[in-house]
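Participant: With the hints as your guide, set chain B onto chain A.
There are 2 protein chains.
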Amino acid sequence: MAKQNIYDNETFFEGYKKLRDNKINANNLFEIPALFSMMPDLKGKRVLDLGCGFGEHCKQFIHRGAQKVVGIDISEKMLEVARKENSDSGITYINMPMEEIAQLKERFDVVVSSLAFHYVEDFSGVVRSIYDMLDADGIFIFSQENPLCTCHSGGDRWTRDENGKKLHLNLADYGIEGERESVWFVDNVKKYHRTFSTIINTLIEAGFSVEKMIEPLPTDELLQQYPDYKDLFHKPDFLLVRVKK
Amino acid sequence: MAKQNIYDNETFFEGYKKLRDNKINANNLFEIPALFSMMPDLKGKRVLDLGCGFGEHCKQFIHRGAQKVVGIDISEKMLEVARKENSDSGITYINMPMEEIAQLKERFDVVVSSLAFHYVEDFSGVVRSIYDMLDADGIFIFSQENPLCTCHSGGDRWTRDENGKKLHLNLADYGIEGERESVWFVDNVKKYHRTFSTIINTLIEAGFSVEKMIEPLPTDELLQQYPDYKDLFHKPDFLLVRVKK
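Protein chains in written order, with numbering that gives the first Met the number 0: chain A, 0 to 244; chain B, 0 to 244.
Here chain A stands alone, though its shape is the one from the complex (with noise of 0.2 Å):
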């Protein structure tokens, strides 16, 4: 199975990175947030993070006392700049589609794994080795696309009105699993959509208890400073989920 690359690509790499120096996007607001409110102590702790990206969050944990971070990403481009802006002698980055961390072979206290999930398609095979991968106890904490939002193949799918103010989210096929094809700077980015009642069992069927979920929305006092947020009422964009071995 060939995994998607599509962070190699250079117009997505290019169009991701300036997303991401704007700092005032849905992932600063909502997704980090949820994630971080998640996330146990980590002092003395082996933490793995699964599609680390720029490495922004390796680096967060060795300041939260993370004994030691492996960060593993598909992409060699993104891996490129973490080497430069978030190294540290406790962090370990490895070019690796997150489908092939059994071959890691090694013992994690935290596996956590921020918006990435959505471009895999098995699941279930990640979830499985995660859970091999932690000790008694460990924590996995995860976020992704929230399924309302995967579900869709394609652009926009909110009915607006005649000033653009969206209305409603026309939804359809959340009941079909599997590959959806959008766009993303790029044609033709792949994500995985499944129900949340399909993430919850796979996670229950490889052992875990589930902790927590979170579907993320804004409170009234960040709603004042960006009012435009108010349409994650009508769609949340974020779930997460944490569950403990």
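By construction, these hints were calculated from the structure, which means they are not laboratory data. It is possible that some hints are incorrect.
[As the list claims (entries may be wrong)] Heads up, simulated EDC-like pairs for lysine to aspartate or glutamate below, C-alpha to C-alpha not over 16 Å straight-line:
id, chain 1, residue 1, chain 2, residue 2
1, A, Lys189, A, Glu55
2, A, Lys211, B, Glu210
3, B, Lys189, B, Asp87
4, A, Lys165, B, Glu210
5, A, Lys243, A, Glu204
6, A, Lys17, A, Asp7
7, B, Lys67, B, Glu99
8, B, Lys83, B, Glu55
9, B, Lys229, A, Asp172
10, B, Lys244, A, Glu98
11, B, Lys211, A, Glu210
12, A, Lys2, A, Glu98
13, B, Lys243, A, Glu210
14, A, Lys44, A, Glu105
15, A, Lys243, B, Asp87
16, A, Lys2, A, Glu180
17, A, Lys229, B, Asp172
18, A, Lys44, A, Glu180
19, A, Lys67, A, Asp7
20, B, Lys164, A, Asp7
21, A, Lys244, A, Asp136
22, B, Lys67, B, Asp87
23, B, Lys211, A, Glu204
24, B, Lys243, A, Glu204
25, A, Lys16, A, Glu55
26, A, Lys104, A, Glu55
27, B, Lys243, B, Glu210
28, B, Lys16, B, Glu105
29, A, Lys243, B, Asp230
30, B, Lys229, A, Glu98
31, A, Lys22, A, Glu55
32, B, Lys164, B, Asp230
33, A, Lys211, B, Glu204
34, A, Lys229, B, Glu176
35, B, Lys165, A, Asp172
36, A, Lys164, B, Asp172
37, A, Lys244, B, Glu210
Facilitator: Chain B only, in chain A's frame:
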């Protein structure tokens, strides 16, 4: 807090009874099979049915070997039918809102609730009472309207083509939890919307381990017989969850 008791409304009751008399409906084709697929071995077990209605499930639990079944329902009219059509020496029917079950002071091995929780405002309180009434390793299984349904007030939320074919669901307000008013035989039927994550987190916070979620979808075989149910692939009607103490 006054509990809603639409089932004692004459118009609602007649409409509902007629719906249930027709055996080809989404309950019989999707919800009931999913509910019973999650059921543990009931031999010798004490079972509590919350919102038991006409008592069909209570009778079924006795057929499956349950030692004792308690069926509670807020509607005395429903229980009159239950006592007439589904009585058994092992079944006790009690007219009580499920928010008050802590008063029962009984212990159970299995608690079941079929399509009643979307009428309950204090989900968290009821879940805590269920946890307290279950013995160790006790199982709690429930079905409710899918959160993709409960998020909407009013009636039909579909966008259709000129032939009436459903194109997509107009999904709005999924992230806004709480009361909704809908029309089902009568006006002002109150339902309560909760997101997938709130439902799961409430169960976990009460002390339960999540064992399985089901959002029932039609099989190919069923679609050949009832092709209209393909719309469930846009939006499943039900959510079922099984948890363990």
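Participant: Look at each hint and say if it fits the structure.
Facilitator: Going down the list of hints, with the structure as the test:
1. Lys189/A <-> Glu55/A: It is violated: about 24 Å lies between the C-alpha atoms, which goes past 16 Å.
2. Lys211/A <-> Glu210/B: The given pair, whose Cα atoms are some 14 Å apart, holds under the 16 Å limit.
3. Lys189/B <-> Asp87/B: violated, 32 Å
4. Lys165/A <-> Glu210/B: This hinted pair is violated, its Cα atoms lying about 37 Å apart.
5. Lys243/A <-> Glu204/A: holds, 13 Å
6. Lys17/A <-> Asp7/A: Holds, at roughly 15 Å.
7. Lys67/B <-> Glu99/B: violated, 20 Å
8. Lys83/B <-> Glu55/B: Cα-Cα ~11 Å, so holds.
9. Lys229/B <-> Asp172/A: holds, 10 Å
10. Lys244/B <-> Glu98/A: Not satisfied, since the Cα-Cα distance of roughly 34 Å exceeds 16 Å.
11. Lys211/B <-> Glu210/A: Holds, at about 14 Å.
12. Lys2/A <-> Glu98/A: holds, 8 Å
13. Lys243/B <-> Glu210/A: Between Lys243/B and Glu210/A the Cα gap is close to 14 Å, so the pair holds against 16 Å.
14. Lys44/A <-> Glu105/A: holds, 13 Å
15. Lys243/A <-> Asp87/B: Not satisfied, since the Cα-Cα distance of roughly 44 Å exceeds 16 Å.
16. Lys2/A <-> Glu180/A: holds, 15 Å
17. Lys229/A <-> Asp172/B: Holds, at about 10 Å.
18. Lys44/A <-> Glu180/A: violated, 38 Å
19. Lys67/A <-> Asp7/A: Answer violated: Lys67/A to Asp7/A is near 26 Å, above 16 Å.
20. Lys164/B <-> Asp7/A: It is violated: about 42 Å lies between the C-alpha atoms, which goes past 16 Å.
21. Lys244/A <-> Asp136/A: holds, 5 Å
22. Lys67/B <-> Asp87/B: holds, 10 Å
23. Lys211/B <-> Glu204/A: holds, 9 Å
24. Lys243/B <-> Glu204/A: Since the Cα atoms of Lys243/B and Glu204/A sit roughly 15 Å apart, the hinted pair holds (cutoff 16 Å).
25. Lys16/A <-> Glu55/A: Holds, at about 13 Å.
26. Lys104/A <-> Glu55/A: violated, 24 Å
27. Lys243/B <-> Glu210/B: holds, 7 Å
28. Lys16/B <-> Glu105/B: violated, 31 Å
29. Lys243/A <-> Asp230/B: With Cα atoms ~36 Å apart, Lys243/A and Asp230/B exceed 16 Å; violated.
30. Lys229/B <-> Glu98/A: It is violated: about 33 Å lies between the C-alpha atoms, which goes past 16 Å.
31. Lys22/A <-> Glu55/A: holds, 13 Å
32. Lys164/B <-> Asp230/B: holds, 9 Å
33. Lys211/A <-> Glu204/B: It holds: about 9 Å lies between the C-alpha atoms, which stays within 16 Å.
34. Lys229/A <-> Glu176/B: holds, 14 Å
35. Lys165/B <-> Asp172/A: Roughly 12 Å between the alpha carbons, so the hint for Lys165/B and Asp172/A holds.
36. Lys164/A <-> Asp172/B: holds, 14 Å
37. Lys244/A <-> Glu210/B: holds, 14 Å
Going down the numbered hints, you'll see the structure goes against 1, 3, 4, 7, 10, 15, 18, 19, 20, 26, 28, 29 and 30, while the others check out.
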